[in-house]
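So the protein lines, in turn, are chains Y and H.
FYI, the numbering for the first sequence is 1 to 579, going by this note's numbering.
FYI, the numbering for the second sequence is 1 to 138, going by this note's numbering.
Worth flagging that the hints you see were computed from the coordinates, not collected in a lab.
Glycine included, every Cβ here is placed at the ideal spot set by N, Cα and C.
Hints are supplied without guarantee of correctness; some may be wrong.
What the hints assert, rightly or not - Only pairs whose alpha carbons sit at most 25 Å apart, straight line, appear in this in silico DSS-like list of lysine-lysine:
id	chain 1	residue 1	chain 2	residue 2
1	Y	Lys392	H	Lys128
2	Y	Lys475	H	Lys121
3	Y	Lys416	H	Lys121
4	H	Lys134	Y	Lys392
5	H	Lys123	Y	Lys387
Said to hold, decoys possible - Here are the computed distance ranges between Cβ atoms for each label pair:
id	chain 1	residue 1	chain 2	residue 2	range
6	Y	Arg435	H	Lys134	29 to 35 Å
7	Y	Ala359	H	Lys52	43 to 49 Å
8	Y	Glu446	H	Lys134	25 to 31 Å
9	H	Leu75	Y	Arg428	23 to 29 Å
10	H	Ser42	Y	Ala468	49 to 55 Å
11	H	Glu32	Y	Ser442	53 to 59 Å
These are the residues of each chain, in order.
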Amino acid sequence: MKFFYKFLILVLILSLTPLILYTFILLNTTAVTTKEIIDENNINLVNNIANEVNNFFIELDAKLNIARQFERMGKINEAEKIRMLLTEFSKDKMLYGFSLLDKDLKVITGLTFDETSSDIDKDLIEKSNKTEKIVLGNITQSSQNKPYFDIVYRIDTNPKEYLYLRVNIKYLLEKIEQYLKIKNAKFLKNISLIDEFGNVVSVLDTQPYTIDKKQLTEYQKKAINADFTTISEAKKVFIKDNRVNIIMLSKVKSEWLILFQEPIYSAYAPIFKMKLTALMLIVSTSIFAFFAVFKLVRDFTKPIQKIISGIEIVAEGNLDHKISGISHDELGKVASAFNSMTLKLKKLQEDIRKSERLATIGQMANIVGHEIRNPLAAISNAAYLIKMQVLKMTEKNPKILRYVEIIENEINSSNKIINDMLSYSRSREPVLSKRNINEVISNIIEDTVIPQNIQLQLMLKPEIPEVAIDVEEIKQVIRNLVNNAIDSMEKKETGILKLTTSFDKTSNSVCVEISDTGCGIPPENLEKIFEPFFSTKSKGTGLGLSVVKRIIEERHKGKIEVKSIVGQGTTFYVKLPVQ
Amino acid sequence: MNLEKVSGGPPRILVVDDDYNIKETMKDILEEEGYIVETADSLSKAQEIIEKENFNVILSDLSLGEYSSLSLVELVRRKSPRTIFILITGQDKLDADLEATKNDVDEYILKPIQPNELIHKIKIHLEKQMLTKKLSQK
């Protein structure tokens with residue numbers, strides 16, 4: 001796998017793992033707490049509703065006081081009863097209607113606020129005769145979606161009478177609805193009221209129905225359990241059919257069950273919301289992290305890629321290639337180090353090529369020089385012999401002598417060229433011996449023919465330290481510089497050739513100055529004069545001064561410098577180290 | 001100075017060079033000066049002649065084909081220590097071997113040789129030689 005992908009995956013894992021872990025831990029603890037809070041709130045709600053139901057029944061029970069009054073008072077005329085009943089019950093929102101029945105179940109008086117519910121449940125009255133004084137009927141639905149239940153109060157007067165009330169459950173449901181509506185804008189919480197026979201009416205769907213016996217028993221058990229304070233609040237809550245259920249018993253005057261139901265997604269919406277938010281946070285962070293890390297890793301590996309491809313290009317031999325566009329960090333330093341290395345390599349390569357070329361030229365010069373020198377020597381000898389013969393003749397022919405001189409001169413300049421070439425290509429080690437430079441200079445001056453127009457000034461410092469030199473080479477250097485000086489003053493009427501020697505204590509070296517008052521060297525040529533094959537003379541190889549520089553600087557570890565003013569003259573400074 | 005007076009005849013010079021033209025012209029030049037000149041074009045021939053005859057001066061090129069004439073120096077020193085040995089050499093050949101033998105060689109002349117220069121040097125050496133000979137005879 002590429003370094004890029006390895007790095008990408010590693011950084012992603014490193015950056016996202018803590019986030020995901022932390023989120024999960026936080027979510028878990030928070031979700032549990034939140035669930036507890038939600039459950040508790042719902043339980044409180046159901047408690048309040050149960051109280052409301054209780055109050056409803058208490059209120060209902062209070063309505064039976066009139067029947068009790070009838071019992072206590074004994075004989076009251078019917079008109080009075082009717083008046084009392086009408087006063088008590090007229091426009092009562094809790095009731096759909098009421099009736100006062102005699103022992104034969106004939107209606108003494110009654111009022112129906114709602115014309116749909118005027119029938120009388122005779123079984124219920126029969127039940128009151130057999131069991132309790134007050135009996136509650138089934139939760140029933142009328143045809144107009146108006147659930148009700150009946151209450152019969154057996155008035156134990158002589159003869160018996162019955163107060164028959166038809167109770168408006170909707171009134172209770174509406175009251176309950178207020179509890180449910182307060183907290184949640186989205187109305188999904190439902191409360192069902194279940195009577196002891198399993199008849200059900202709900203807030204959300206007021207259509208009553210009947211639940212089976214088994215279910216009813218289970219609900220009753222749960223309701224009883226939930227009332228034991230030892231059982232934790234949460235246990236009152238149970239999940240069924242993807243709904244949160246809480247069941248409670250209305251304990252006052254009735255045994256109705258109050259069943260709270262809410263779809264899980266609604267009940268625990270905050271938890272879901274929280275989980276969703278966390279998920280979205282993780283997803284969005286992951287996406288963001290991916291792109292950020294992608295960019296980061298790419299930014300990091302891109303310069304590496306650039307450097308690698310740069311190195312490959314250079315490795316193929318393209319030394320002109322430069323790695324560019326890399327920031328100024330450590331990698332930038334790598335790139336610039338590499339670039340400078342390439343640059344040096346290129347220079348080195350050029351140097352090698354140059355020296356290879358020069359070495360080839362040198363080898364050629366060596367061979368050619370040796371091969372030509374012998375024939376030249378023979379020619380030189382022959383010319384000498386001709387001259388001798390001519391001089392012996394009684395009738396001397398000056399022309400022949402002149403021609404022989406031309407031959408001799410040309411042989412001399414040819415020899416000079418060959419010497420330059422051979423000196424330049426010389427490969428042997430210098431043979432050093434300790435010499436006094438003044439003596440060497442004196443020797444050369446003795447052998448040198450100084451033209452008439454030139455005045456020689458020798459300023460040789462006495463008691464100068466000896467220097468380790470290859471005598472022949474240093475002679476060649478000084479001879480070369482002296483000849484150049486003489487040549488530069490060729491066209492002048494008068495000139496001064498000055499040779500000075502001195503000792504420089506600071507650099508511990510012997511200095512030789514050779515100066516002339518000749519034509520001088522133009523500044524643009526001053527840099528080039530030491531380069532091989534550079535010459536402004538019509539004759540010569542252009543090797544003279546490069547040989548001089550090589551002898552002084554490479555072979556004697558000395559130094560050669562030049563100062564020149566056009567028209568005024570030139571001075572060469574040669575420094576030779578004493579040790 | 002009359003050379004014949006000292007040596008009992010003109011000084012004898014052996015020219016050793018493998019280049020025919022150089023050898024022959026050199027011979028002529030030196031004969032012009034009045035010397036008796038013998039020539040040899042190889043190391044073996046030179047050795048042969050040196051074994052047989054005596055010379056005042058031996059003038060030899062350093063390189064004789066694939067051989068070096070340095071071995072002649074030893075032979076000459078053994079046989080006739082007073083013989084003047086002049087070695088002709090290219091500047092570039094001035095190496096450590098030559099440096100070691102330098103003391104045994106009376107003179108070495110760098111190429112290219114000017115006939116005048118050569119004649120001048122031979123003259124000076126011969127004069128020296130005659131003086132030493134005179135001194136030793138006395």
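Evaluation of the provided hints:
For the hint linking lysine 392 of chain Y to lysine 128 of chain H, the alpha-carbon distance of about 29 Å lies beyond 25 Å, and the restraint is violated. With a C-alpha separation of about 19 Å, the suggested pairing of lysine 475 of chain Y with lysine 121 of chain H holds against the 25 Å cut-off. Among the hinted pairs, lysine 416 of chain Y with lysine 121 of chain H is consistent with the structure: their alpha-carbon atoms are about 21 Å apart, no more than 25 Å. A distance of roughly 34 Å separates the Cα atoms of lysine 134 of chain H and lysine 392 of chain Y; the hinted pair therefore is violated under the 25 Å criterion.
With a CA separation close to 20 Å, the supplied pair lysine 123 of chain H and lysine 387 of chain Y stays within the 25 Å bound. Taking 29 to 35 Å as the suggested C-beta distance range, the pair arginine 435 of chain Y and lysine 134 of chain H conforms, at roughly 33 Å. Distance hint for alanine 359 of chain Y and lysine 52 of chain H: a CB-CB separation of about 46 Å, consistent with the stated range 43 to 49 Å. Judged by the Cβ atoms, the range 25 to 31 Å given for glutamate 446 of chain Y and lysine 134 of chain H holds: they are separated by roughly 29 Å.
Roughly 26 Å separates the CB atoms of leucine 75 of chain H and arginine 428 of chain Y, a value that falls within the hinted 23 to 29 Å. Remark: the range hint 49 to 55 Å for serine 42 of chain H to alanine 468 of chain Y is contradicted by a beta-carbon distance near 38 Å. Checked against the hint of 53 to 59 Å, the pair glutamate 32 of chain H and serine 442 of chain Y fails, with Cβ atoms roughly 33 Å apart.
The structure fails to meet hints 1, 4, 10, 11 from the earlier list, while all remaining hints are met.
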